[in-house]
Amino acid sequence: MPVPKGPLGRRTLLASTAGALAASAGCLNRFQASVDRDTPEQVSLSISTVPADEDPVPVGIARHLAETFATAGIDVGLQPVTTEKLWRNVLLNQNFDLYVGQHPGHFDPDYLYGLLHSRFSEEPGWQNPYGYVNVPGVDDPLETQRTASGDTRTTALSSLAEAVREEAPLSVVAYPEESRAIRTDRYSGWSYRSFESPLGYLGLQERTGAERGSRPRETLRVGITDRRITYNLNPLSAEYRDRWVVTGLLYDPLGRYIEGAVEPWLADDWSWIDDRLRVRLREGLTWHDGTDLTAHDVAFTHRLLRDTTGTAESPTVPAPCFRARSSLVDGVEATGERTVEFALAGTPETGLRALTVPILPTHIWEERTALTSIAVFDLENVTEALVVDNMNPVGSGPLRFEAATPDTRLELVRNDEHFLAELSDGSFPAFEGGPPYERLTFVYFPSEATLVESIQAGDLDASATALSPGEIERARQASEVDLAAETTSAYYHVGFNTRNAPLSNPRFRRALSRLLDREYLRTEVFAGNAIPAFDPIAVGGPDDEWTTDHPAGFVGESGSGTVEEKTAHDLFREAGYIYNEGGELIVR
Amino acid sequence: MASGLITVLLSIVVVVTALIVVGAALCIDRRQLRELRDDLRARLRLAAPAIGLLAVVLVVNSLTRRTAQRLSWLIGVEITDRIFRLEGTFVAWVQTFQTTELTLYFSAVYVYGYVFLLVFPLFAYLALSKQRPLHELTIAYTANYALGLVCYLLFIAYGPRNLGIAEQFMYNVYPSSRFLTSAVNTPTNVFPSLHTSLSVTVLLFAWRTRGAYPRWLAIAAVLATSVAVSTMYLGIHWLTDVIAGIGLASASYWIGVHGADRWREAVTSATPRLAAAFRSRP
Chain A
13 MPVPKGPLGR RTLLASTAGA LAASAGCLNR FQASVDRDTP EQVSLSISTV PADEDPVPVG
73 IARHLAETFA TAGIDVGLQP VTTEKLWRNV LLNQNFDLYV GQHPGHFDPD YLYGLLHSRF
133 SEEPGWQNPY GYVNVPGVDD PLETQRTASG DTRTTALSSL AEAVREEAPL SVVAYPEESR
193 AIRTDRYSGW SYRSFESPLG YLGLQERTGA ERGSRPRETL RVGITDRRIT YNLNPLSAEY
253 RDRWVVTGLL YDPLGRYIEG AVEPWLADDW SWIDDRLRVR LREGLTWHDG TDLTAHDVAF
313 THRLLRDTTG TAESPTVPAP CFRARSSLVD GVEATGERTV EFALAGTPET GLRALTVPIL
373 PTHIWEERTA LTSIAVFDLE NVTEALVVDN MNPVGSGPLR FEAATPDTRL ELVRNDEHFL
433 AELSDGSFPA FEGGPPYERL TFVYFPSEAT LVESIQAGDL DASATALSPG EIERARQASE
493 VDLAAETTSA YYHVGFNTRN APLSNPRFRR ALSRLLDREY LRTEVFAGNA IPAFDPIAVG
553 GPDDEWTTDH PAGFVGESGS GTVEEKTAHD LFREAGYIYN EGGELIVR
Chain B
376 MASGLITVLL SIVVVVTALI VVGAALCIDR RQLRELRDDL RARLRLAAPA IGLLAVVLVV
436 NSLTRRTAQR LSWLIGVEIT DRIFRLEGTF VAWVQTFQTT ELTLYFSAVY VYGYVFLLVF
496 PLFAYLALSK QRPLHELTIA YTANYALGLV CYLLFIAYGP RNLGIAEQFM YNVYPSSRFL
556 TSAVNTPTNV FPSLHTSLSV TVLLFAWRTR GAYPRWLAIA AVLATSVAVS TMYLGIHWLT
616 DVIAGIGLAS ASYWIGVHGA DRWREAVTSA TPRLAAAFRS RP
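Protein chains in written order, with the working numbering: chain A, 13 to 600; chain B, 376 to 657.
These aren't lab readings, by the way, just hints derived from the structure by calculation.
Hints should not be assumed to be uniformly reliable.
As the list claims (entries may be wrong) - Capping the alpha-carbon separation at 20 Å, the derived lysine to aspartate or glutamate pairs in EDC-like fashion look like this:
# : chain 1 : residue 1 : chain 2 : residue 2
1 : A       : K97       : A       : D109
2 : A       : K97       : B       : D456
3 : A       : K97       : B       : E453
4 : A       : K97       : A       : E135
5 : A       : K97       : A       : D238
Bound conformation, chain A alone (with noise of 0.2 Å):
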């Protein structure tokens, strides 16, 4: 329609159409009720996960879970990015739908406090990454567990198990069983130990001469395809670290988990005198520099993991790692050069698990409490001892960084004036002496199977990384080459972020968690080397009640990894939501 111009055109056009409004005013109201109405639309989730690669298991989890998303009439798209990055937006940033990972792994059913508690909801970390609050539903439990033991615990730990699988802020799906490979003519005592922490590297046996033939011993070679302790060694850093394995070499924690239970590492011995911990250091302590390690720099970790701005005024910037273990701790004080005394919530099951975070050196680590700035930017919430790479790390392990390339190699020695070195009471027999190697070298391979081949042409001794599955039956085959298995703690799980609907309603998730068939993904992805499992508490291995018809598990014919269309969307109806005609699940 042409415009009339000028004044009186205009307002001719103005009456003419107040009189077409006048006249339709029913009409308008009902077009109105209609368009502000917001549209449905189809719901769409996207999936993080790491690129094959890194990890074939999780985008196979992925994958999976995305057809039976896509039966059930979800949109869904995958998006694969580096580990890093992944941790880096799920953990840091909270910018995520759905993701697939694995858990650093546990030692005790309290790290769920830190995982699950809505006083972290709004952390950095593994502190709550899902954004979860239940309270009183889950807080309860987890201050119970916490506080009780005996029956108690126990108690709180079912009905926390059995709210997590009914309210699927994370969705576990196996424990897997790693195999590493390794070759055994010069060390021996390699399945002995857990890779999942470093005692596996410090439980190893040099062979005799005559078993080991003419191979030196000097250094122990083994292969890693995470490339990411080649340019970050900072143990403060949740992006870059999955188990602590290598900054757990070079920083000593006062106790380790040692078959199950904290025993006194660098303590010497401690002592509860009514609710406070008195903690004594051994005798002649050093950092890798010579400095003497006082419980100064015990009080002085302490009070920076809970806060990293080292200061009194708000904000404060807590490391985001550790926080479930810092919050065990309600005071520290140093009341001596050797002397430390904690005041600790908890009971010594679990009040004990504060003590397994790495100890720092006050010299080094006090110049890192500022806010960080980087050229024009000042960042807020950020402090240096969180993103500083520290690639010069002065740790008290029994293994000193020597030197790295980035993207190729790390290479650490012994520490000759390690505790271990000299010790001789009979308390840690296997770990007697130190290392039984001068030198560990941490060499960065692209692929799982050149590894492998390294390994049996003799130019490594093991795999650092757990084989991925379909590499574990090449690794059996090859000769010269021997697998060290274990199950470990570390969980494949699929979290959800539940800030943001309608991943914020639990009936969504529990559909969600629900088109998982663990049975297929055990046989398909895992090839077989995982144990299936519904619950995030594994003490002393994963959950054995687990059965293929449980409620919670896949709607599906178990085995089958698919889904019936009807049955998918009937899940969905039940939970509230609606389809539209193209079969769509629509939500507003």
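We have chain A; now place chain B onto it with these hints.
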């Protein structure tokens, strides 16, 4: 690991040299080769500026790869999912034709055939009395790499193998090839396929020089097609990457044909000034 890479590189040198000898015997006549021997120095001097430019682009690429990769994660667009939605499991379908023979053939084409396809025309065009095709081809190679690098900076895409859609046949039968691919590339640089674009560029020039080398056109056609298919068969690239690679090849061919004169003029006019600048230095 370094020794693994060196072994692979040595095998490439040996195989490709053998292929070039065979290719020369098939495609280039004796008279041309004699002329080349007599006139080699002068022809190399003519080719030097363009080959120098290509070398600069390649060196810059290898020196900045790590930084470029980090920068790409900062500013790039993640398009893996979009590609997957676009073409679905086409590559998985290609892989259903898998046989041991095909895997060997396509792996050999991907590693050796590709290098031969790129190197042989440089040699063949050097043997021509007219040096223009060599010049154009070099400029086109440079354009492929330069434009490819810009794409890799702007787009982050993982290949079908990394999304669990495709198997990695080549790495399974020939694990050490992984040393090579990881040394020269990063897994997020799949869009577009440079293997495809450079091979198709060679094919376009083989068509342009079909009068001089009719047999080379036939060889290049078979090899270039095989390379493009191999990138998908081996699970490294998406069909989308291959199509984008053909687009990049067309653009690079155009730049090679039309940009050759400009580059030569620029270098010719700059040479005296550059030479003067060098002479005037204390």
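Each hint tested on the structure:
1. K97(A) - D109(A): Between K97(A) and D109(A) the Cα gap is close to 15 Å, so the pair holds against 20 Å.
2. K97(A) - D456(B): holds, 16 Å
3. K97(A) - E453(B): holds, 12 Å
4. K97(A) - E135(A): holds, 18 Å
5. K97(A) - D238(A): holds, 13 Å
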